[in-house]
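Protein chains in written order, with full-length UniProt numbering: chain A, 1 to 497; chain B, 1 to 499; chain C, 1 to 109.
Think of the hints as simulated: they come from the structure by calculation, not from any bench. A quick note: this is a predicted structure, and the numbers were derived from the prediction, not measured. We treat Cβ as the ideally placed atom computed from N, Cα and C, and that holds for glycine. Incorrect hints may have been included.
[What the hints assert, rightly or not] So these bits of chain A aren't anywhere near chain B, every CB distance computed over 12 Å: (1) A49; (2) D60; (3) A203; (4) P242; (5) R262; (6) A274; (7) L283; (8) P306; (9) R329; (10) D346; (11) E424; (12) L484.
[Claimed, not checked] Which bits of chain B does chain A cover? Going by a derived footprint, with three or more residues having C-beta under 8 Å, they are: (13) 97 to 110; (14) 440 to 448.
[As the list claims (entries may be wrong)] As a list, the in silico SDA-like pairs of lysine to any residue whose alpha-carbon atoms are at most 20 Å apart: (15) B:K141 / B:Y93; (16) B:K141 / C:L82; (17) B:K464 / B:G452; (18) B:K141 / C:P83; (19) B:K312 / C:T70; (20) B:K141 / B:S227; (21) B:K482 / B:G469; (22) B:K141 / C:L88; (23) B:K141 / C:A75; (24) B:K312 / C:N71; (25) B:K141 / C:P92; (26) B:K141 / C:L105; (27) B:K237 / C:L105; (28) B:K141 / C:G97; (29) B:K141 / B:R208; (30) B:K141 / C:D96; (31) B:K141 / C:R100; (32) B:K312 / C:L73; (33) B:K464 / B:R495; (34) B:K237 / B:L143; (35) B:K459 / B:R495; (36) B:K141 / C:R84; (37) B:K312 / C:A75; (38) B:K312 / C:V72.
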Amino acid sequence: MSDLTALTAVELQAALAAGETSSVEVTRAHLDRIAAEDGALGAFLHVTADAALARAAEVDASGTAGTGLAGIPVALKDVFVTEGVPTTSGSRILEGWRPPYSATVASRLADAGTVLLGKTNMDEFAMGSSTENSAYAVTRNPWDHDRIPGGSSGGSSAAVAGRLAPLALGTDTGGSIRQPAAVTGLVGHKPTYGSVSRYGLIAFSSSLDQAGPMARTVLDAALLHEAIGGHDPRDSTSIDAPVPTVVEAARRGAGGDLSGLRVGVVRELGGEGAREGYEQGVLDRFAEGVALLEAAGAQVREVSCPSFGLALPAYYLIAPSEASSNLARFEGMRFGIRVGDDGSHDVDEVMALTREQGFGPEVKRRIILGTYALSAGYYEAYYGQAQKVRTLISRDFSAAYDDVDVLVSPTSPTVAWPIGARVEDPLAMYAADLCTLPASLAGVPAISVPCGLSDGLPVGLQVMAPALADDRCYRVAAAVEAALGAPLTDRLLERAA
Amino acid sequence: MSEPLVEFDDVLTRYEPVIGLETHVELGTESKMFCGCTTAFGAEPNTQTCPVCLGLPGSLPVANAAAVESTIRIGLALGCRIASWSRFARKNYFYPDIPKGFQTSQYDEPLCTAGHLDVEVDGETYRVEIERVHLEEDTGKNLHVGGATGRIHGAEYSLVDFNRAGIPLVEIVTRPVAGAGAKAPEVARAYVTELREIIQTLGASDVRMEQGSLRCDVNTSLAPVGSLEWGTRTETKNVNSLRSVERAVRYEMRRQAAVLDAGGRIVQETRHFHEDTGSTSPGRSKEEATDYRYFPEPDLVPLAPDAEWVEKLAAGLPELPAARRARLREEWGLSATEMAWLVNAGALGVVEGTVAAGASPADARKWWLGELARRANDAGVELTALPVTPRQVAELSALVAEGTVNDQLARQALDGVLAGEGDPRAVVESRGLAVLGESDELVAAVDVAIAGAPDVVAKVQGGKVQALGALVGAVMKATRGKADAATVRRMLEERVLGS
Amino acid sequence: MSTTTPASGAAPALGRQDIAHLARLARLAVTDEELDRFAGQLGAVLDAVAQVQRADVGDVAPTTHAVPLTNVLRADVATPCLPRDAVLAAAPAAEDGRFRVPRILGEEE
Ligand SMILES: [Mg+2]
Ligand SMILES: [Zn+2]
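Chain A extracted, bound-state conformation (with noise of 0.2 Å):
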């Protein structure tokens, strides 16, 4: 076999299937390459070499590897709870724990046969953009090992793009699978906010939080997609729907063709008169990505969303708000690290000392933020506020899908940034998120397509679509996939020869 790393999930199950493989061959290569890489990448916090190759074996004996997922390895983003498996979110205050317990998507995968690799890098408790926030390491993006590979599932795309992992599973809540996935080169989607289960999922901000897969094609995210979605009764923000077949869509959209389809370029992110801090070869890429789609056959028009350029002020009240109240139990009483319990603190002076320690900046910042938000007298003016300006994005989103089938964008205003730029300057770097927060306020679903290369690095472009359309992503972004003729990934393998 040629390098099983190189392979998509897709290419993978075929070989697997015509057992010109096997799990544990697949797995093996997986383990070499992070073992050689991933102190360079940093992208993985926990590998689990010995169970995986255990679990690869159960599934070659079992006669299953390359039916769905089966005999697949994949990374999981560290937010997500692995019963045995250490899961910290990125945070000090998480340090050794060991959940008695499994998120229900990270057990779904295991039903569905997949190889779990590991836990991946992350912004403490998912609040960032580059990944610097987590609380053990830095994750370099592939493509340039200076630079951010986006965040807050920063260590799911950089462990995908850099073939550690053929799939991966991240988290979003104000772009956190796109805007990683768009400087990285991925495909990363957003699913329908309800269409796939929370249970098990450190909760950043409730309202908004929604696991979704990570891959080099569309294809593969699709298949991770339907492997993970649908109801889950342990939650009760969970839809009640079938998952759409995303998978279809993803073999339909790559036929190239969208006749038909009425795509809308909004305005307000990136189109004239809103190009504040986006970068020209961010906005060529998109242009021309909105090119293809119109040779594919589709009818393209602009779309003005008056609403969206409130979704930063609205998002970053709203998630600190919520973010204040879920992370109320990391205090140190019955889990996670407990600081200062030596008999001269009492119990309100040992759950500070614990967080003080426990939180690094980013979190502290947005829990006094939120807490703020919440506070007595402030409530209506900031988080009542910002529920109202939610509102009108949904209602503006409503009134594009009357006339176009798709809303298309940038995902992220800039290409990767050089790891420190940003740090010391948080509205630079919510700044990163302007394009996905209007999909995560409103629940829709969305994902970010590779459209090409703007100095050497990725740029991505953004479907959204209606609730429960998650299909119309999937099979527009195929179509972008098929234009530009192979996996963006494909240069870092050419640039690696």
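The hints should help you fit chains B and C with the ligands onto chain A, whose structure is shown.
Chains B and C with the ligands only, in chain A's frame:
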């Protein structure tokens, strides 16, 4: 720690009390509010927990349908409006016994609002307005270690058990109750008593105050008589019996009056009730007021009970205590006062059972409020805790009615029943308690009595008929009470007066 | 808080004292250095997010759930609990089958 108190009657010459009650009831569901853990009482610590009720990272709540229905049923029983749109909210605060750093509760969108409960004290009806009935979850339980008392104060550390964490809790909040005057303490008690009975009737909870499945916070304030403004209230926690509810209000009224009399001001604070002394003491006040930062719980979706659902629950409500009392009073032909006695004695259920087993309402009442109440009192137990069933009491009553025993023999038969010797008829049999008919034994006893008291016989024959009583007494004594007094009298009259 | 409810569009400045109050409320033992840094950074963030107040929301209803669902309930059925050993294994301190916590000063709620 004794504080100056004003005599209770004296308080009322100058002040008007206003009370309010917040009652927490642990629902008797099989599983917890937001997870499937069992709610059984008394298990080993931390054996009834899961990721959800421990607040482990990543876990999510799903609301218990039975708990929601119980809350709506309680609301309906209290005449509340059932919201067509209701939500859970997060009440954010830190405490070692709350696992998530917030309590999932309801805030501005409770399930039930605007109800009322009428309670009766000394024949007068007081309406207690219910502000809201909402659903939330219980906390874990702290055990304080070290220090002298096992109390929180002075403890070196605490141990937490989360078995109770997440058990569904219904909170019933009254509006302030004014105008009860001297009866305020009793109104408070009567309210909790009635509420408890309603919830018991609904089967929503076992409402055992000693196990903490019903807990009360009592608010009390005083205003100068004639004042239009209410005074500052205190909130007394830890009130764990019906009697304590009354005592807590009484104590706070007396204490607050003393503070006000001395020109002081009442501090709005939490106070703790002490069963042993019947007094309250201030809780430790925090340096800063707590800001709970309520917001709608994003992990749960709204509750929107539609009319059909609510109507179905309403149709399934059992007969409520007040309606039952009214019906029984009518059926038994009792006065309001007679009914009140029955209720206060806690005898309604047993009397009803006794009547159902065939006794007349008057006899059933007489037994339970008379002889049985006396026995319970002597034994220091609740009336209903006596080892005698309503069916047995009905049998006793039947034995008297059919003349098998007289009252005195019936009491002896009761002795046997209470001693575990079996049903009344069996005791009468085994102890030989049946009254004597016009038997040879009785004829002989009558003859002996007549022969032994010629002077009395002469008096009777001389017209002093009431002197016959002495002869009756002699016969009764000779037969050790087994004779029927009326029969004896008739036999004596025949023989002495020849009529 | 020393600040008052903000007028439309204007973000109140968060002083060190405000940050300290919020940090206490959130059980964060922030250092003096952090207090200064956060006050500056949060001031800038607050300025940015205060834009929401300029939005003309009229009588728009707030969105708390992007996907409207109601009455998601589970049947009242007991399911297995975690073994106590597994529960206490993760505890920073345990004793007698219970979680051990430092002494509690404040009263219960
Ligand atoms: Mg409460
Ligand atoms: Zn539980």
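Status of each hint after checking the structure:
No beta-carbon of chain B is positioned within 12 Å of the beta-carbon of A49 of chain A; the least distance is around 24 Å. Annotated as non-interface, D60 of chain A keeps its C-beta farther than 12 Å from every C-beta of chain B; the closest such distance is 31 Å. The beta carbon of A203 of chain A is not kept farther than 12 Å from every beta carbon of chain B, the shortest such distance being approximately 7 Å. P242 of chain A, annotated as away from the interface, keeps every beta carbon of chain B farther than 12 Å; the closest lies near 20 Å.
Against chain B, the non-interface label of R262 of chain A holds: every CB pair exceeds 12 Å, the least being about 32 Å. For A274 of chain A, the non-interface assignment is confirmed: its Cβ lies about 30 Å from the closest Cβ of chain B, beyond the 12 Å cut-off. Every CB of chain B lies more than 12 Å from the CB of L283 of chain A, the least distance being 35 Å, so the non-interface label holds. With a least CB separation of 26 Å from chain B, P306 of chain A remains clear of the 12 Å interface cut-off, as annotated.
Its beta-carbon lying about 5 Å from the closest one in chain B, R329 of chain A breaks the requirement of being farther than 12 Å from that chain. Non-interface call for D346 of chain A relative to chain B: violated, since the shortest CB-CB distance, roughly 10 Å, does not exceed 12 Å. At roughly 28 Å from the closest C-beta of chain B, the C-beta of E424 of chain A stays outside 12 Å, upholding its exclusion from the interface. Even its closest Cβ contact with chain B, about 37 Å, leaves L484 of chain A beyond 12 Å, as expected for a residue assigned away from the interface.
Three residues within the 8 Å Cβ limit are the bar, and the region 97 to 110 of chain B against chain A gives 4, so the coverage statement holds. Interface restraint, the region 440 to 448 of chain B with chain A: violated (0 residues with C-beta to C-beta distance below 8 Å; minimum three). Taken as a hint, the K141 of chain B and Y93 of chain B pair is honoured in the structure, with Cα atoms around 16 Å apart against an allowance of 20 Å. Under the criterion of a C-alpha separation no larger than 20 Å, the hint pairing K141 of chain B with L82 of chain C is consistent with the structure, at around 18 Å.
Note on K464 of chain B and G452 of chain B: the hinted pairing holds, with a Cα-Cα distance of about 18 Å set against a maximum of 20 Å. Between the alpha carbons of K141 of chain B and P83 of chain C the distance comes to roughly 19 Å, so the proposed pair stays at or under 20 Å and holds. Taken as a hint, the K312 of chain B and T70 of chain C pair is honoured in the structure, with Cα atoms around 19 Å apart against an allowance of 20 Å. Among the hinted pairs, K141 of chain B with S227 of chain B is inconsistent with the structure: their alpha-carbon atoms are about 42 Å apart, more than 20 Å.
A C-alpha spacing of about 17 Å is found between K482 of chain B and G469 of chain B, which places the hinted pair at or below 20 Å, so the restraint holds. Between K141 of chain B and L88 of chain C, the direct Cα distance comes to roughly 16 Å. Compliance with the 20 Å bound is thereby established for this hinted pair. Restraint check for K141 of chain B and A75 of chain C: not satisfied, since their Cα atoms lie roughly 26 Å apart, outside the 20 Å limit. For a cut-off of 20 Å, the pair hint linking K312 of chain B to N71 of chain C stands: about 16 Å separates their Cα positions.
Of the supplied pair hints, the one linking K141 of chain B and P92 of chain C holds, its CA atoms being roughly 18 Å apart against a limit of 20 Å. For the given pair, K141 of chain B sits about 16 Å from L105 of chain C by alpha-carbon distance, which is consistent with the 20 Å threshold. Restraint check for K237 of chain B and L105 of chain C: the C-alpha separation of about 17 Å stays at or below 20 Å, so the hint holds. At most 20 Å may separate the alpha-carbon atoms for a hinted pair to count; K141 of chain B and G97 of chain C meet this at roughly 13 Å.
Annotation: proposed proximity of K141 of chain B to R208 of chain B holds, straight-line Cα distance about 17 Å (limit 20 Å). Note on K141 of chain B and D96 of chain C: the hinted pairing holds, with a Cα-Cα distance of about 14 Å set against a maximum of 20 Å. Between K141 of chain B and R100 of chain C the alpha-carbon distance is near 12 Å, which keeps this suggested pair within the 20 Å criterion. In summary, the hint linking K312 of chain B to L73 of chain C is supported, as the alpha carbons are separated by about 17 Å, within the 20 Å threshold.
With a C-alpha separation of about 15 Å, the suggested pair K464 of chain B and R495 of chain B falls inside the 20 Å cut-off, and the hint holds. The suggested pairing of K237 of chain B with L143 of chain B holds, with an alpha-carbon distance near 18 Å, which does not exceed 20 Å. A C-alpha spacing of about 14 Å is found between K459 of chain B and R495 of chain B, which places the hinted pair at or below 20 Å, so the restraint holds. Only pairs whose Cα atoms come within 20 Å are accepted, and K141 of chain B paired with R84 of chain C is accepted, the gap being roughly 16 Å.
With a CA separation close to 18 Å, the supplied pair K312 of chain B and A75 of chain C stays within the 20 Å bound. The suggested pairing of K312 of chain B with V72 of chain C holds, with an alpha-carbon distance near 19 Å, which does not exceed 20 Å.
In this structure, the hints that do not hold are numbers 3, 9, 10, 14, 20, 23, in rising order.
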